[in-house]
Amino acid sequence: MWSAAREIAAGDVVVVWLTRDYLQPLVITPGKEFNSKFGHYRHSDLVGMPYGSKVGSRKGKGFIHVLRPTPELWTMALPHRTQILYLADIAFITSHLDIKPGSRVIEAVFLDLPAPWEAVEHAKQALRKDRMTRICCFSPCMEQVLRTVNALNDAGFTDITMYETLLRPVEVSHVPVSQPIGDISEKLKQAERKREEKRLQQIAAGKQNKRKRGDGMPLKDQSEEASEVDTAAGERKRLKTNEESDTVVPEPLQGMDLDSSEEPVGVAPSTPLAPSGPPVQIFPSKVNISKVMPEVRGHTSYLTFASLMPFTPPPETEPSTAAVSPAGASD
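Note that numbering that gives the first Met the number 0 has the sequence shown beginning at 0, numbered continuously upward.
If you are wondering where the hints come from, they were derived from the structure by calculation, not from laboratory data. Just so it is clear, CB atoms sit at the ideal spot from N, CA and C, and this is done for glycine as well. Wrong hints could be hidden among the right ones.
Unchecked claim - Okay, the calculated beta carbon distance ranges per label pair:
#	residue 1	residue 2	range
1	43	288	49 to 59 Å
2	127	20	35 to 45 Å
3	20	98	26 to 36 Å
4	212	286	54 to 64 Å
Stated by the list, open to error - Here are the simulated lysine-lysine pairs, DSSO-like style, with alpha carbons at most 27 Å apart:
#	residue 1	residue 2
5	36	53
6	36	60
7	211	188
8	31	53
9	31	58
10	206	193
11	197	209
12	58	99
13	99	123
14	99	53
15	53	188
16	197	186
17	209	193
18	186	99
19	36	58
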């Protein structure tokens with residue numbers, strides 16, 4: 000039996016937790032033993048232990064947890080000889096039958112039977128007649144659903160509907176946001192320019208080291224080498240110039256030497272302009288994304304619901320009596 004005591008006693012029903020997906024019910028019977036791949040355990044050793052204890056094997060290899068039975072653990076631990084109601088089905092049934100605190104639920108109204116159509120008429124007799132009531136049939140096969148629907152129609156039930164509950168897990172993760180393509184392209188260009196400048200510097204440094212070692216290069220070759228270095232430096236300047244935005248020269252300053260120290264006459268000093276254009280959009284550093292898992296958990300059963308309207312007996316009518324005048328009455 001299920002016990003509300005803190006410690007396990009002989010004759011109690013416990014749930015042995017072996018793995019996340021493997022639970023086993025067990026009746027504590029002193030003198031018996033429980034064997035599994037997680038070790039060897041004597042029932043007498045479990046007597047007196049608190050529920051929820053972690054029990055090690057007698058040989059020191061492996062352990063188990065001994066838990067108090069609950070409806071959820073009992074559903075997971077029972078062998079599936081018949082259809083078992085899982086959380087998705089339980090939640091849907093509770094909502095669709097409008098079960099709430101104070102509701103009275105009878106087993107005849109929830110038909111988890113091989114032939115529920117044979118019990119429909121008995122379930123109708125058990126339902127209240129002064130208010131609307133609901134019924135649910137739990138059938139794994141479509142043939143059972145068809146015969147049940149026919150029986151519900153013949154018994155006077157209405158609002159007959161059938162549902163199938165499937166679970167599709169969704170994975171939600173918090174990941175860095177992707178940068179705009181323009182920013183990524185600009186960073187790649189900057190990295191390429193730095194790589195080219197570094198390559199040119201290495202070439203110039205290598206040639207300069209050759210001159211220091213006195214390789215006996217002819218004067219002509221040295222001049223050509225210097226020309227190559229100057230050319231490379233010019234290329235670097237040209238790259239830098241192309242990166243900068245074009246400078247717009249006002250008309251009064253066109254034709255003047257901007258590098259001279261002379262100040263132009265009659266030209267008002269320029270004032271910085273306020274930045275124009277759309278405001279810069281600030282992107283979040285991380286965003287939440289969801290991904291639907293490709294697999295869908297298998298079919299459990301079909302849920303057939305129906306409603307029975309309250310029965311209102313017809314009003315009783317009193318028999319009509321005709322007025323009979325007394326015999327021999329005269330005006």
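Looking at the structure, which of the earlier hints fail to hold?
-> Of the numbered hints, 7, 12, 14, 15 and 18 do not hold.
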